[in-house]
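Student: Residue numbers (the working numbering), protein chains in the order written: chain U, 1 to 95; chain G, 1 to 133; chain B, 1 to 190.
I should point out that these hints are in silico values taken from the structure, not numbers from a laboratory.
The C-beta atom is built at its ideal place from N, Cα and C for all residues, glycine as well.
A couple of the hints might just be wrong.
Stated by the list, open to error - Calculated lysine-lysine pairs in the DSBU-like style (CA-CA distance at most 30 Å, straight line):
id, chain 1, residue 1, chain 2, residue 2
1, B, K80, U, K78
2, G, K108, G, K93
3, G, K93, U, K78
4, U, K78, G, K108
Unchecked claim - Examples of chain B residues lying across from chain U (beta carbon under 8 Å, computed):
id, residue
5, V5
6, A58
7, A61
8, T65
9, L67
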Amino acid sequence: MTLYAVILIAVLVAMLMTLIRALLGPSLFDRVLAVNSLGTKTVLLIAATGFLMGRPEFLDIALAYALINFIGTVAILKFFELPDPGTSHYSEDDY
Amino acid sequence: MTDFLLAVVSWPLAIVGIVFLVSGAVGLVRLPDLYTRLHSASVTDTGATLVLGFVLILQALVVFGSFMAAIKLLMIVVFTLLTAPTASHVLAKTALLTGQVPVDGQGKPLLESSEAATRLARSRVDATDAEDA
Amino acid sequence: METLVVCVLLSFLVISAIGIIVLRDLLAAVILLGIYSLIAAGAFIVMDAVDVAFTEAAVGAGISTILYLGTLRLTTDRQKPRGHDSLVALLFVVISGGLLIYGTLDMPFYGSADSPAHTHPEVGARYVEQSPDEVGPPNMVTSVLASYRGYDTLGEVVVVFSAGVAVLGILGLRRRRPVDDAQVIDKADT
Chain U
1 MTLYAVILIA VLVAMLMTLI RALLGPSLFD RVLAVNSLGT KTVLLIAATG
51 FLMGRPEFLD IALAYALINF IGTVAILKFF ELPDPGTSHY SEDDY
Chain G
1 MTDFLLAVVS WPLAIVGIVF LVSGAVGLVR LPDLYTRLHS ASVTDTGATL
51 VLGFVLILQA LVVFGSFMAA IKLLMIVVFT LLTAPTASHV LAKTALLTGQ
101 VPVDGQGKPL LESSEAATRL ARSRVDATDA EDA
Chain B
1 METLVVCVLL SFLVISAIGI IVLRDLLAAV ILLGIYSLIA AGAFIVMDAV
51 DVAFTEAAVG AGISTILYLG TLRLTTDRQK PRGHDSLVAL LFVVISGGLL
101 IYGTLDMPFY GSADSPAHTH PEVGARYVEQ SPDEVGPPNM VTSVLASYRG
151 YDTLGEVVVV FSAGVAVLGI LGLRRRRPVD DAQVIDKADT
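This is chain U alone, in the form it adopts within the complex (with noise of 0.2 Å):
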């Protein structure tokens, strides 16, 4: 109980330091890195919690949250880098 106590607590304090530089953050960006990493945190957050319940079924959310982080983060880069809406692909060049 105790160990899954400690990993809560510590997730809590880097998903505390993780919003601050969302706060912060200069550019968009860095945003954008802090909600990917707050992301991760929250399935860790989520695991911890299903243990420290006793109930492991969470883990389910956990797994569900991780694709949905990624392909978030990958969708909202996608925004910042194509042109203008409507345009859906660059071309081989561009490499």
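Dock chains G and B against the given chain U, drawing on the hints supplied.
Tutor: Structure of chains G and B alone, referenced to chain U:
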């Protein structure tokens, strides 16, 4: 006996994981520019998830006796190990492409302009090769 | 321990909400809204409302962020300069907020077992005892949503569907222009 062994294995691993977690978060707040912060965030994303995931897998197997929970945790860890570096790479490349210039410890820019950053992002060579040429 | 975690998460929510209000850059505010949803979903999970948390994560952090970003792309990401702050508006907000808080005082405590929803013989108790026979699915929440409160769910689905149609009507489903495709294919060939 099992409890003791489990504690001996779990606690040091958990502390290592927490060190990864908190040091990555401290770096996220304190490091000077986006690219260095990206590096410290990926310490949390991969290192902490890997180690803490391993601790939780051990706990799931020994304390809860739930094989399914261990498999789900393993899936989470593997998935995070695949996606976190990809997300970091996409983030760094997009930032470079839109002209974010990396800086060194003193806040001096490492590239002369944001156009140079965009050019670097579009080229296949890395920075040192570009300087040599 | 769980109470502590919920309190910390709720204070994170307050911090990010203040950040959303203070920031002038709308793109940054949208990203902070995503963070707000993530933290809210974490709090829901700790409070044992897993299905709500799941919806919050998928809709709040996923879809609505994308919708906001699309809207900002089509319009602008600059906030209009605010005029003078109105005292009447502040008074109105304080009064209505105070009334809402006063309204919550009558509600049963969080997790209380003797709340009306749990003790009413035709609601909670009946669902728990008879839903396997009357409806069938092993998950009770599913049988409540799909059968006992079926009309309610139907109404919700209609609302969500019409909202989706309206959003698509406003944003528009733009077709990819065939000219661009031809150019890309040409470049790939040469």
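Student: Each hint: holds or not?
Tutor: Hints and how they fare:
The suggested pairing of K80 (chain B) with K78 (chain U) holds, with an alpha-carbon distance near 26 Å, which does not exceed 30 Å. Of the supplied pair hints, the one linking K108 (chain G) and K93 (chain G) holds, its CA atoms being roughly 20 Å apart against a limit of 30 Å. Distance hint between K93 (chain G) and K78 (chain U) is fulfilled; the C-alpha atoms sit about 11 Å from each other, no more than 30 Å. Distance check on the hinted pair: K78 (chain U) and K108 (chain G) sit about 29 Å apart at the alpha-carbon level, within 30 Å; holds.
The closest approach between the C-beta of V5 (chain B) and any C-beta of chain U is roughly 6 Å, which is under the 8 Å cut-off, so the hint is satisfied. The interface hint given for A58 (chain B) holds, since its Cβ lies 6 Å from the closest Cβ of chain U, which is under the 8 Å cut-off. Look at A61 (chain B): its Cβ gets to within about 6 Å of chain U, closer than 8 Å, so that hint holds up. At about 7 Å, the closest approach between the beta carbon of T65 (chain B) and any beta carbon in chain U falls short of 8 Å, and the interface hint on this residue holds.
The interface hint given for L67 (chain B) is broken, as the beta carbon of that residue sits about 11 Å from the closest beta carbon of chain U, more than 8 Å.
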